[in-house]
Amino acid sequence: MIRLAACFDAGIDVIEPCGFPFSVKALRRSAMDYADIADITRHASWEDFQANLNGRLILMSTKAASPLWDFSFQAGDILMMGRESAGVPDAVAQACDARLLIPMPGGGRSLNVAVSAGIALGEAVRQLR
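Be aware that the sequence shown starts at 106, since it is given in this note's numbering, and climbs by one per residue.
Honestly, the hints are just simulated from the structure, not real lab data. The model shown is predicted, which means the values in this text are computed figures rather than measured ones. Note that CB positions come from ideal geometry on N, CA and C, so glycine has one too. It is possible that part of the hints are untrue.
[To be verified] Label pairs and their computed distance ranges (CB to CB):
#, residue 1, residue 2, range
1, E152, S190, 30 to 36 Å
2, G160, D195, 19 to 25 Å
3, Q199, G227, 24 to 30 Å
4, P172, S128, 19 to 25 Å
5, I142, D175, 31 to 37 Å
6, N159, L226, 17 to 23 Å
[Stated by the list, open to error] Derived pair list, reagent style DMTMM-like, types lysine to aspartate or glutamate, alpha-carbon separation capped at 20 Å:
#, residue 1, residue 2
7, K130, D153
8, K168, E189
9, K130, D114
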């Protein structure tokens, strides 16, 4: 998930168990030297994350009905991305304050999670700048 702390300040929250093997070493390999400056917080479980939640939880989902472009972001919002293959459990989706989708013209189903996160974060920053 991506925390929008201020207009151009975003952190990353990782909630265990991940849908992929997560390690700082792997992050450094894929993120090059950006991993050392990233604000990463790991949570042992969904319950642990919820206990420390400050801000609206905004889920990006192919099952959502509201387009990303129609949403008004606020500083402090948290963008949540689920697994590419399965999204998030229904209970997690229901706990979110908003569920948004990136419209896919031409019948496409979805984008990969990194591209979706970049698009959503870019729109949030555009609104909050």
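Requested in this report: Find the hints from earlier in the document that the structure breaks and name them by number, from lowest to highest.
Outcome: Hints 1, 4, 7 and 9 not satisfied by this model.
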